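Asks: Chain by chain, the residues run as shown.
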Amino acid sequence: MTKYMIDKFMRAVEMSDDAVSRYVADPAGFVDAWLAGGGTPDLPTDDRVLTPEERDAFAAVDHAALYALGAHPYLLWHFIEAAHTHEFGDGFGWRDLVERYRADVAPHGHVDYIP
Amino acid sequence: MAELVMAAATPHNPLLWRAMRDPMPDDLAAVAGNFARIRDTISELGVDVLVVVGTDHIRQFFFDHAPAFVVGKAAQYHGTYENEVRTFGMEYVELAGHPELAEAIAGRELLPEAIDFAVSHEWRLDHGFVIPLQYLRPELDLPIVPIHTNATLPPLPSPRRFAVLGEHLRETIAAWETDARVALITSGHMATDVGGPRQFAGSPDPEFDADAVAWMRDGDLEGAVDGCRFDRVMAAGNVTYQYVNVITALAAMGGRPADLAEATESRFASSPFFMWRKPA
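The listed protein sequences derive, respectively, from chains X and B.
Following the working numbering, the numbering of the first sequence begins with 243 at its first residue and continues without gaps.
Following the working numbering, the numbering of the second sequence begins with 484 at its first residue and continues without gaps.
It is worth saying that the hints were derived from the structure and are not from the lab.
Every value quoted in this text rests on a predicted model; they were computed, and no experiment measured them.
Glycine included, every Cβ here is placed at the ideal spot set by N, Cα and C.
Certain hints may be false.
What the hints assert, rightly or not - Taking CB as the label site, the calculated pair distances span:
{"no.": "1", "chain 1": "B", "residue 1": "700", "chain 2": "X", "residue 2": "301", "range": "48 to 58 Å"}
{"no.": "2", "chain 1": "X", "residue 1": "337", "chain 2": "B", "residue 2": "689", "range": "14 to 24 Å"}
{"no.": "3", "chain 1": "X", "residue 1": "345", "chain 2": "B", "residue 2": "550", "range": "47 to 57 Å"}
{"no.": "4", "chain 1": "B", "residue 1": "761", "chain 2": "X", "residue 2": "337", "range": "36 to 46 Å"}
{"no.": "5", "chain 1": "B", "residue 1": "709", "chain 2": "X", "residue 2": "294", "range": "25 to 35 Å"}
{"no.": "6", "chain 1": "X", "residue 1": "290", "chain 2": "B", "residue 2": "700", "range": "41 to 51 Å"}
Unchecked claim - Away from chain X, derived, C-beta distances all over 12 Å, residues of chain B:
{"no.": "7", "residue": "637"}
{"no.": "8", "residue": "640"}
{"no.": "9", "residue": "644"}
{"no.": "10", "residue": "738"}
{"no.": "11", "residue": "761"}
Kindly produce the complete structure, drawing on both the sequences and the hints.
Replies: What follows is the structure, given as structure tokens:
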């Protein structure tokens, strides 16, 4: 489990409009490119590591799995909100996403998200 | 000497930015009214500088470096992040800092005995700071000293430390050799859950909210410190710890009862509004 890295990835996506667009367009491709794009020994530290389970959860945009893995809830909600905003329209809106998210994470109760 | 002429606590819910517009929706009229009441008091008391105690929402500070208390020493601040424009429709803002007061608070060569602050000379302020300022001083013409309190990235400072921060601010301002009139603004919320099983479904803990209003209404500093133990606050919602910022205001005002103490109901979870005016 690398909760710190889960949070780092979510934050890297959610804070940037450009990153959100590229992640939404190709979640798996974006995750793999992010993992490959970390620092090198001669640069300021920028490590990027996810377990296969964590990588797959991001590739599937699976908020319930990420919640259960210990993603920071505040970052997770805003990450998921960013990843689904493009779907808002007739028949599915922000409130629907809120309800779906809540129903999906509720069975997991409180998860220790402290890295 | 400078004078701490008032303290106040307000919400910073960024969802207000789109919703609280004219014609004012009925359920948000009381929230708008309480912002106006504090805004008018700032004007009436001739405030020169604002000390703003709030919590960065994992924008500037992250688990790679998560200090407990950060004092902004910059002369200028940018405000609002790209995601806050996208998600909440917020505006980018520019704010003047107050390096002299910041240095009085944080120390120059040595940190004060009270608190081991970190200082920042380059800090983009998020909605935790920008939203209260836009409602309390829409002109954005008063210099600010922002103080970040870590309420989101454990381990967090204990509630007692927030009281010590308030006492330190009171003593520092009282000893500051100017004739400035200072207001302390704290930013936070009542019981709130974001990203957890109870998010956006009304207050996750009305009992905590009632206690949290009473501590301020009654001037019960020890009750507030005792009632804000980590486990209790987190049981009231996973981001409720930002309520603890109010303890700083209560302590700065000597622990006396607030003149305004209310958890204002609206379509959102209850909003905190507290205010203390220096006795005439």
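Asks: Each hint needs a verdict: does it hold in this structure or not?
Replies: Now the hints, each set against the structure:
Under the hint 48 to 58 Å, the C-beta atoms of residue 700(B) and residue 301(X), about 51 Å apart, fit the expected range. For the pair residue 337(X) and residue 689(B), the supplied restraint of 14 to 24 Å holds, since their beta-carbon distance comes to about 22 Å. Restraint check, residue 345(X) to residue 550(B): a C-beta distance of roughly 37 Å breaks the suggested window 47 to 57 Å. For the hinted restraint 36 to 46 Å between residue 761(B) and residue 337(X), the CB-CB distance of approximately 43 Å keeps it satisfied.
In this structure the supplied range 25 to 35 Å is violated for residue 709(B) paired with residue 294(X), their Cβ-Cβ distance being about 45 Å. In this structure the supplied range 41 to 51 Å holds for residue 290(X) paired with residue 700(B), their Cβ-Cβ distance being about 49 Å. Annotated as non-interface, residue 637(B) brings its C-beta within 12 Å of a C-beta of chain X; the closest such distance is 5 Å. Once the 12 Å rule is applied to beta carbons, residue 640(B) is consistent with being away from chain X; the minimum gap is 15 Å.
The claim that residue 644(B) lies off the interface holds: its Cβ sits roughly 19 Å from the closest Cβ of chain X, which is beyond the 12 Å cut-off. Its beta-carbon lying about 31 Å from the closest one in chain X, residue 738(B) satisfies the requirement of being farther than 12 Å from that chain. Distance to chain X confirms residue 761(B) as a non-interface residue, since its nearest Cβ pair spans about 35 Å, more than 12 Å.
Violated hints, listed in ascending order, are 3, 5, 7; each of the other numbered hints is respected by the structure.
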